[in-house]
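Protein sequence lines, in the order shown, are assigned to chains A and B. This note's numbering puts the first residue of the first sequence at 1, with every later residue one more than the last. This note's numbering puts the first residue of the second sequence at 1001, with every later residue one more than the last.
Hints listed in this document are in silico derivations from the structure and should not be mistaken for laboratory results. There may be inaccurate statements among the hints.
Computed far set for chain B versus chain A, every beta-carbon distance over 12 Å [as the list claims (entries may be wrong)]:
1. Thr1019
2. Asn1037
3. Ala1055
4. His1058
5. Glu1068
6. Ala1074
7. Glu1081
8. Gly1090
9. Asp1092
10. Phe1107
11. Leu1154
12. Leu1191
13. His1193
14. Lys1206
15. Lys1228
A few chain A residues facing chain B, derived, Cβ under 7 Å [to be verified]:
16. Lys21
17. Met65
18. Val67
19. Arg69
20. Met73
21. Tyr104
22. Pro124
23. Ala133
24. Asn144
25. Val149
26. Asn156
A virtual CB, placed ideally from N, CA and C, is assigned to each residue, including glycine.
There are 2 protein chains.
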Amino acid sequence: MSAVLYGVGVGPGDPELMTLKAHGLISQAPVVAYLVNKKGEGLAHSIAAEALNPAAVHVTILMIMAVERGPAMAAYDQGAEAIARHLEAGRDVVFLCEGDPFFYGSFMYLYSRLKDRFTCRAVPGVTSLTACAAELGRPLAARNDVLKVLPAPLENDALASELDHCDAVAIIKVGRHFPRIRGLLDGLGLLPHAHVVESASMPEQKITPLADVPEGGQPYFSTILIYKGSEAW
Amino acid sequence: MSAVLYGVGVGPGDPELMTLKAHGLISQAPVVAYLVNKKGEGLAHSIAAEALNPAAVHVTILMIMAVERGPAMAAYDQGAEAIARHLEAGRDVVFLCEGDPFFYGSFMYLYSRLKDRFTCRAVPGVTSLTACAAELGRPLAARNDVLKVLPAPLENDALASELDHCDAVAIIKVGRHFPRIRGLLDGLGLLPHAHVVESASMPEQKITPLADVPEGGQPYFSTILIYKGSEAW
C-alpha cells in the first residue's frame, strides 16, 4: 500500500460544515499540510484545528499573494517536495483546503506537481458559495437559471459581457477589487439585486445589501451574490 | 422556542460526504421530510438512511416530473402543510436535500411556502459539481476562470451563446436532453474538452470522455463537465 495525498475540503468556515469523510481523514492523518501567511496563520488550518490528530506532523506552505507568480510557484515547489518526502516514507498526507479542493483552490498547485508520482485524491467540501446562499436565505440558483461564477480580478469588459445577461452570479476573490466591482455593478443597474456576504458561516459573518455599502467601503473576505432569476417558486 | 424547518444538504451520494452538522440534525430530527418517486424511493432519503433517528416521523412528498407545473406545485402545497402541522406542534422538521438545499434544489418550493410563517434555515452541503470534479481528478475551475453552470433544458441558442466563450462549464439536469446536448457540444468543437460523470461518489459512479459515449448513448443522472481553462498550474 503506497501512501496517499488527500486534498481535503474543510468547508467555508464553520467546523461543523466539514464532511464526515474530511473529519475522519483529518483526525487520523499522520501528516497535515496547509497554507499559512507570514504570521503562520492559515484559514484552512484554523477550521480544522479542533479535529487534528495531536501527534500529526505539520507541513506549512507560505502563501504569497504577489501579482508576479514566480515566488508563489517556488513556495509550491518547495511544499510539494516536503510532502513528497513524507509520501515516499509511506506516510499519508492530508492537505487542508478552505471550501473545496478543486473549486478555485490552491490544491491544484500541489496536485499538478505530485499526481504523476503519487496517488492523489480530492475530497470535496462545501464551498463558500452555497454557504453564502444559505446564510442569505435565498437560492444561489434555481430551476433553469444560468449560474456564473466570476473572479473579480477579471477586467471590467470581460465581467460586463457576462453580467449583461445573467440570472444568478457569484463574484469571488473580491478583496481589493471591491470599489471597482461596486462601480461596475452600479453602472449595470445590478446594485438592487446584489448582496455582500463576508466570512460566511463564521462568527464574524456579515451580510449587507450591496447598495448599503458606502462607496469607500471595503469589506474583507467577501463574496457578492447577484440574483435576477425568477422568484416564482 | 418555536420549531425550526431545516433544509439540510446531504451531499452528492456518498453518505460520508454529509457534513457533521447535517449528520447531527438528521440523527436527532423528530420529523424528516423528503421527496419520493411513485415507488416511495428518494435519493436524499437513501443517502441519509443510516443516519436517521429510528423514531423519526416521515413526511414524504411525491416528486412529479411533468412539464406542466400544476401537479408538482400542488404536491409541494400539500407537503408544506404537512410540515406546517409538525412545526405548529413544536416539532423541528429536517427536509433532506440531495447536494445543497439552495443549489438548484427542491427546498426552495417549501421554503417559499413556509418562510413567512416559521423559522427556516438552510444547511449547506457538498454539491454534485465538486464531487464530479474530485472524481474526475481535475479542477472544476481554477485561478481566474469563469465558471458557468448551465441547465440542459435551456434551448440550444441560449446554451450556445454561453458556450461560445467559456473556461469551465458544468451542464446539469442532462437526463433526456443528452443526445441534443451531445450534438450541440460536437458542433461547437467542445467534445474533446468534455467528460460525462454519472452518479458521482456513489458505487455505480461512471466517468466517460464525452467523445467516447456513442451517439445513441443515454447516461442517466449525469453531469457534463467541460474544462477549457489554462492547465498551467
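Assertion that B/Thr1019 lies farther than 12 Å from chain A (Cβ): violated (5 Å)
Would B/Lys1228 pass as off the interface with chain A, using Cβ distances and a cut of 12 Å? holds (15 Å)
Return the status of the interface hint for A/Met65: holds when the least beta-carbon distance to chain B is below 7 Å, violated otherwise. Since chain B brings no Cβ nearer than about 13 Å to A/Met65, farther than 7 Å, the hint is violated.
Holds or violated: is the Cβ of B/Asn1037 farther than 12 Å from all Cβ atoms of chain A? Its Cβ never comes within 12 Å of chain A, the nearest being 20 Å, so this holds.
Interface exclusion of B/Asp1092 relative to chain A, criterion Cβ beyond 12 Å: holds (17 Å)
Find the nearest Cβ of chain A to the Cβ of B/Ala1055 and say whether that gap is larger than 12 Å. holds (22 Å)
Tell me if the interface restraint on A/Ala133 is satisfied: Cβ within less than 7 Å of some Cβ in chain B. Where the cut-off is 7 Å and the nearest Cβ of chain B is about 4 Å from A/Ala133, the hint holds.
Verdict on B/Ala1074 as a residue remote from chain A, using beta-carbon distances over 12 Å: holds (14 Å)
At 12 Å, judged by beta carbons, does B/Lys1206 keep clear of chain A as stated? Nearest chain A Cβ is 18 Å from B/Lys1206, so the label holds.
Cβ separation check - B/Gly1090 to all of chain A, threshold 12 Å: holds (22 Å)
Can A/Val149 be said to touch chain B, with a Cβ gap under 7 Å? holds (4 Å)
Chain B contact restraint on A/Arg69 - CB to CB distance below 7 Å: violated (10 Å)
Violation of the numbered hints given earlier is confined to hints 1, 10, 11, 17, 18, 19, 20 and 26; the remaining hints are satisfied by the structure.
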